[in-house]
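There are 2 protein chains.
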Amino acid sequence: MGEFDLIAKYFNRRPEQGIGDDCAVFTPTAGMQLCISSDMLVEGRHFFPDVNPEALGHKALAVNLSDLAACGAAPRAFTLALALPEVNEAWLDGFSRGLFALADVHGCTLVGGDTTKGPLNICITVFGEVPTGKALLRNGAKVGDDMYVSGTDVDHVGQARLALEIMRGNVKANAAELESVRHRLERPTPRVNLGVALRGVATSCIDISDGLLGDLGHILKASNVGASVQTDWIKGRTDFALAGGDDYELLFTAPPSQRDALQAISDKACIRVTRIGAIEAPHEWRLLDAAGLPLENTFTSFDHFTST
Amino acid sequence: MGEFDLIAKYFNRRPEQGIGDDCAVFTPTAGMQLCISSDMLVEGRHFFPDVNPEALGHKALAVNLSDLAACGAAPRAFTLALALPEVNEAWLDGFSRGLFALADVHGCTLVGGDTTKGPLNICITVFGEVPTGKALLRNGAKVGDDMYVSGTDVDHVGQARLALEIMRGNVKANAAELESVRHRLERPTPRVNLGVALRGVATSCIDISDGLLGDLGHILKASNVGASVQTDWIKGRTDFALAGGDDYELLFTAPPSQRDALQAISDKACIRVTRIGAIEAPHEWRLLDAAGLPLENTFTSFDHFTST
Chain B
53 MGEFDLIAKY
63 FNRRPEQGIG
73 DDCAVFTPTA
83 GMQLCISSDM
93 LVEGRHFFPD
103 VNPEALGHKA
113 LAVNLSDLAA
123 CGAAPRAFTL
133 ALALPEVNEA
143 WLDGFSRGLF
153 ALADVHGCTL
163 VGGDTTKGPL
173 NICITVFGEV
183 PTGKALLRNG
193 AKVGDDMYVS
203 GTDVDHVGQA
213 RLALEIMRGN
223 VKANAAELES
233 VRHRLERPTP
243 RVNLGVALRG
253 VATSCIDISD
263 GLLGDLGHIL
273 KASNVGASVQ
283 TDWIKGRTDF
293 ALAGGDDYEL
303 LFTAPPSQRD
313 ALQAISDKAC
323 IRVTRIGAIE
333 APHEWRLLDA
343 AGLPLENTFT
353 SFDHFTST
Chain D
53 MGEFDLIAKY
63 FNRRPEQGIG
73 DDCAVFTPTA
83 GMQLCISSDM
93 LVEGRHFFPD
103 VNPEALGHKA
113 LAVNLSDLAA
123 CGAAPRAFTL
133 ALALPEVNEA
143 WLDGFSRGLF
153 ALADVHGCTL
163 VGGDTTKGPL
173 NICITVFGEV
183 PTGKALLRNG
193 AKVGDDMYVS
203 GTDVDHVGQA
213 RLALEIMRGN
223 VKANAAELES
233 VRHRLERPTP
243 RVNLGVALRG
253 VATSCIDISD
263 GLLGDLGHIL
273 KASNVGASVQ
283 TDWIKGRTDF
293 ALAGGDDYEL
303 LFTAPPSQRD
313 ALQAISDKAC
323 IRVTRIGAIE
333 APHEWRLLDA
343 AGLPLENTFT
353 SFDHFTST
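Chains B and D, in that order, are what the protein sequence lines are. For what it's worth, the working numbering labels the leading residue of the first sequence as 53, then goes sequentially. For what it's worth, the working numbering labels the leading residue of the second sequence as 53, then goes sequentially.
Since the hints were derived computationally from the structure, they do not count as laboratory data. Where hints are given, some of them may not hold.
No copy is singled out in the list; a pair is fine if it fits within one copy or between any two copies.
[As the list claims (entries may be wrong)] Derived DSS-like pairs (lysine-lysine); straight-line CA-CA distance at most 27 Å:
{"no.": "1", "residue 1": "273", "residue 2": "169"}
{"no.": "2", "residue 1": "273", "residue 2": "194"}
{"no.": "3", "residue 1": "287", "residue 2": "320"}
{"no.": "4", "residue 1": "169", "residue 2": "61"}
{"no.": "5", "residue 1": "61", "residue 2": "273"}
{"no.": "6", "residue 1": "320", "residue 2": "224"}
{"no.": "7", "residue 1": "224", "residue 2": "287"}
The structure displayed is predicted, hence computed values, not measured ones.
Isolated chain B, as found in the complex:
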């Protein structure tokens, strides 16, 4: 199967004008800004070689949609560039099904891309829209703001790392225990509706892809503030919750005056948000135990070039 046949068979669901041309032609909505994010997934680094291709198709788009969510942008379109070691039709069938199932949920259209032969590599660039000036950024946190994280009682931060460490053999668990958290690693749910609903309410927002404290650090640096982070809300291992990575929950700040509004947003988006701390005068973060006493911070964020 050649390059053009492969595209036609598995990725030809592209209704916008210009598709199949050198460029996709995209018509921005008047009054909206475009939010753009690009993520590259590499075998052995971001996923195991034997991962279910359908789950991989889901995740490849999910991590990008999560970036849109963190900016409060509504998904519109994406491009897919794919390097494949060989044309494996079973793999392509699963991958494209997982990809389009999630794309369809969010009305996000594949508008173009590239396929080539090479070590397996998936690069998706996603486009969302937000009313001009309304994008959620990292630099708006204010002293006195509350800090929140999304995630339910059942699906909560830290589980993706737990699943990873079980699969690596570093944490002992039975098959049922792995199964209960594996979807958090392999099929993260981007919090798109929540992100859109946070426009005008949250003062800053980021998704937790590199670990909660590491990503919080980006907000603190960009906003020139500090934070106290409670730990009594954590379920499971503290290190996985605070520095695990791959969670794709939203971490955001909002003034206390928005607590009622946030409860309504949470109810409407059907996703719990938990108040986990407060923005303080400039310093880094400090962790507090259940009694509000400082804990020593020994957690670091995830870095693709220094972490194992």
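Fit chain D to the known structure of chain B by using the hints.
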């Protein structure tokens, strides 16, 4: 060097709002459509492992800008996703210099991206703008149109493939001969100004990345027309000129009434355009010799999954 340090040192030239956030926030110009293209370059497939990194940085962006040119779009921004086997600062320094030198020529801003560890892979997604409805597409060629290709007497189609075959050892040449064509393979010049100038003049346009006849085939199929292609304008080997690939010249059609306009455009953009054929009633293409007599076509286009 960690991921964030690497980005800060080599790729932090990103003035738009939202940079460093989960998404870049991009403000489309009112009345314009966005043209989007994504290309993935893989070591050993699209470039030799020992290619000059500065040339590679140039080419990685050039092939994307060439897609914008083919649509008549003016470059505005791009994202860069990069998988690197290791942090090689000399390589990164050269690559980023080549990349930004070309980006600066076209006022094209790096607005975001991703870096990760993995087999060398470069994925650039580029954004250009074109007035609404004015994008050059493949489907507008009309029976009776002239057909043109860009390229100068000195730099002409087929040279990129010639350079490739010399470097592969398949064509014998001395160092000076290689040097005279090597830039055509490693440092293609995207015909951005020409593409923009062709808005409203060309009826269809494509860039010759997969070989002239192969790319012409896309125009013919999309436009439901045929073409006669002269061969007497070809310099060098006919197979390289007609099916060589990697040329990044523009192949376009325009009605004979536009011949004077095209001459003026060519003069202003400082790039020669050569009339090489005509659009005919639906069939595939046919090749004509200098006397206008049919030649047998034995050339095929380049396909990344079936070609060597």
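| query | Given a CA cutoff of 27 Å, do residue 287 and residue 320 count as a within-copy pair, a between-copy pair, both, or neither? | reply | Within one copy only: 24 Å inside a chain, 67 Å across chains, cut-off 27 Å.
| task | Give the relationship of residue 224 and residue 287 under a CA distance limit of 27 Å: within one copy only, between copies only, both, or neither. | result | Cα proximity of residue 224 and residue 287: one copy only (18 Å, versus 68 Å across).
| field | Copy assignment of residue 61 with residue 273, given that the CA separation must stay at most 27 Å | value | between (46 Å within a copy, 18 Å between copies)
| message | At most 27 Å between alpha carbons: which applies to residue 320 and residue 224, within, between, both or neither? | response | neither (38 Å within a copy, 70 Å between copies)
| Status of residue 169 relative to residue 273 across identical chains (alpha carbons, at most 27 Å) | between (40 Å within a copy, 25 Å between copies)
| message | At most 27 Å between alpha carbons: which applies to residue 169 and residue 61, within, between, both or neither? | response | within (17 Å within a copy, 31 Å between copies)
| message | At most 27 Å between CA atoms: does that hold for residue 273 and residue 194 within a copy, between copies, both, or neither? | response | Within one copy, since 12 Å is at most 27 Å while 58 Å is not.
The structure shown violates just one earlier hint, number 6.
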